[in-house]
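Generate coordinates for the entire structure from the input sequences, incorporating the hints supplied.
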Amino acid sequence: MRRVRLIIEERGAPAYWNMAVDEALLELSARGRGIETLRLYIFRPHAVTIGYFQRIREVVNLEAAQRLGVDVVRRFTGGGAVYHDPEGEVTYSYSAPLTPGLRDVARSYRIICMGIVEAARLLGVTNVEFVPVNDVVANGRKFSGSAQGRRGEWLLQHGTFMYATDLDRLAELLVAPREKLASHGVRAVRQRVTTISEVLHREVTRDEVVRALVKGFEKALGIELEEGELTEEELRLAEELSEKYRSAEWNFRR
Amino acid sequence: MAVLRGRVKRRGGKLLEAELELDSSCRIVRAVISGDFFAYPPTAVDDIEQGLRGCKSAVCIRGVVHEAAQRSTFLGVTPSDIEELLVSLWRRCAGSKGST
Chain F
83 MRRVRLIIEE RGAPAYWNMA VDEALLELSA RGRGIETLRL YIFRPHAVTI
133 GYFQRIREVV NLEAAQRLGV DVVRRFTGGG AVYHDPEGEV TYSYSAPLTP
183 GLRDVARSYR IICMGIVEAA RLLGVTNVEF VPVNDVVANG RKFSGSAQGR
233 RGEWLLQHGT FMYATDLDRL AELLVAPREK LASHGVRAVR QRVTTISEVL
283 HREVTRDEVV RALVKGFEKA LGIELEEGEL TEEELRLAEE LSEKYRSAEW
333 NFRR
Chain V
112 MAVLRGRVKR RGGKLLEAEL ELDSSCRIVR AVISGDFFAY PPTAVDDIEQ
162 GLRGCKSAVC IRGVVHEAAQ RSTFLGVTPS DIEELLVSLW RRCAGSKGST
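So the protein sequences, as listed, match chains F and V. Offset between the first sequence (1-based) and the working numbering: plus 82. Offset between the second sequence (1-based) and the working numbering: plus 111.
Since the hints were derived computationally from the structure, they do not count as laboratory data. Each hint should be verified, as a subset may be incorrect.
Only pairs whose alpha carbons sit at most 20 Å apart, straight line, appear in this in silico SDA-like list of lysine to any residue [said to hold, decoys possible]:
id, chain 1, residue 1, chain 2, residue 2
1, F, Lys-262, V, Lys-167
2, F, Lys-262, F, Arg-272
3, F, Lys-224, F, Gly-267
4, F, Lys-224, F, Leu-282
5, F, Lys-224, V, Gly-123
6, F, Lys-326, V, Arg-116
7, F, Lys-262, V, Gly-117
8, F, Lys-262, V, Arg-121
9, F, Lys-301, F, Arg-192
10, F, Lys-262, F, Thr-276
11, F, Lys-224, F, Arg-203
12, F, Lys-262, V, Thr-189
13, F, Lys-262, V, Val-119
14, F, Lys-224, V, Arg-121
15, F, Lys-326, V, Ser-168
16, F, Lys-262, V, Arg-116
17, F, Lys-262, V, Leu-186
18, F, Lys-224, F, Asp-250
19, F, Lys-262, V, Asp-157
20, F, Lys-326, V, Asp-157
21, F, Lys-262, V, Glu-130
22, V, Lys-167, V, Leu-186
23, F, Lys-262, V, Arg-122
24, F, Lys-224, V, Ser-199
25, F, Lys-301, F, Gly-183
26, F, Lys-262, V, Thr-154
27, F, Lys-262, V, Val-140
28, F, Lys-224, V, Val-140
29, F, Lys-224, F, Val-286
30, F, Lys-297, F, Glu-118
31, F, Lys-224, F, Glu-169
32, F, Lys-301, F, Glu-169
33, F, Lys-262, V, Gly-124
34, F, Lys-297, F, Arg-139
35, F, Lys-326, F, Arg-139
36, F, Lys-224, V, Lys-167
37, F, Lys-301, F, Arg-139
38, F, Lys-297, F, Ile-90
Every value quoted in this text rests on a predicted model; they were computed, and no experiment measured them.
Printed below as a string of structure tokens:
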């Protein structure tokens, strides 16, 4: 079985740092110095990340974000706006070489998101499935969304796992156009999302989630995870990239 | 100078939005393509936005999108979705001026 580095950062870090680390992992991989890695991390303080192509003022309630002390950072990956609650959400990122199985973009989302599906099953969720393009839903409601970047012969996919996210706060911070909600058959953001605690009618803890994600990804990807740390080179590049994620020029570029 | 905006959301797909700023002869001065879709590489979208500057016909718009689409992969939207949205916005300007 293939051994893959596992990095668990449960203490939490600001959004600009988390995005810088993920981009550093992908960038170094593209330069031929990649290490296949599953990284599990927390955003602290709480944050909203938005997709590379999104217009910040149209998808985030910036007044609410400022009032609530929520960081807002643009990702280097596409997809939609996400609320990261330090007390209710674990983010994963998986970086890997583009093996034949992962080369097709749509297929690779499905393969990697099966790690989320398996983790939810391990926690006791029965009605859970991957819904293309990039969602995982339980009882028909989304609790996980993913986004993938590619450089050279590598990919990095990151995504959420909401186990106890404050969904009212999420609904206050994220702005979704009517067309998007209607296409999902709902009228409000709150109707479209759920958490694993809500699904299971019990308080699911972060420890349980981290353990389930480790086992879930091992099973889905046929890998054996071994705990490790970021290298000096990765930390150095993340430090450089973090300037971008702190800049208004980047975050307000659209 | 006119600013026209539009959006498309297909079932099972992602949201696609576009904003075109056009001069008095319906020449594109600025284009912004946004949404929660995916593009590989993402710079394909930047290339489309830059390539559209100066376009003043549907043929030009389609050509710019087609060229970028040949060296990129979109997920959640198709190059046709982008083309159609941009052309429909441009036609709102051209139709009001009597050009095609």
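So if I understand the rule, the pair passes when the alpha-carbon distance is 20 Å or less; does Lys-297 of chain F with Ile-90 of chain F pass?
holds, 13 Å
Is the Cα-Cα distance between Lys-224 of chain F and Lys-167 of chain V 20 Å or less?
With a Cα-Cα distance of about 42 Å, the restraint between Lys-224 of chain F and Lys-167 of chain V is violated, given a limit of 20 Å.
For Lys-262 of chain F and Arg-272 of chain F, compute the direct alpha-carbon distance and say whether it is at most 20 Å.
Holds, at about 13 Å.
Next pair to validate is Lys-262 of chain F with Gly-117 of chain V; report whether the Cα-Cα distance is within 20 Å.
holds, 14 Å
20 Å Cα cutoff - pair Lys-301 of chain F, Gly-183 of chain F
holds, 16 Å
Please verify whether Lys-262 of chain F and Arg-116 of chain V have alpha carbons no more than 20 Å apart.
Judged against 20 Å, a Cα distance of about 16 Å means the pair holds.
Against the 20 Å threshold, does the CA-CA distance of Lys-301 of chain F and Glu-169 of chain F hold or violate the hint?
Measuring from Cα to Cα gives roughly 26 Å; hence the hint is violated.
Does Val-140 of chain V lie within 20 Å of Lys-224 of chain F when you go C-alpha to C-alpha?
violated, 39 Å
Against the 20 Å threshold, does the CA-CA distance of Lys-262 of chain F and Val-119 of chain V hold or violate the hint?
holds, 9 Å
Holds or violated: Lys-224 of chain F with Glu-169 of chain F, Cα cutoff 20 Å?
holds, 18 Å
Is the hinted pair Lys-326 of chain F and Arg-139 of chain F satisfied, with a Cα-Cα distance of at most 20 Å?
Holds, at roughly 19 Å.
Straight-line Cα separation of Lys-326 of chain F and Asp-157 of chain V no greater than 20 Å?
holds, 18 Å
Checked against the numbered hints given earlier, the structure breaks hints 1, 6, 15, 19, 22, 24, 26, 27, 28, 32, 34, 36 and 37 and satisfies all the rest.
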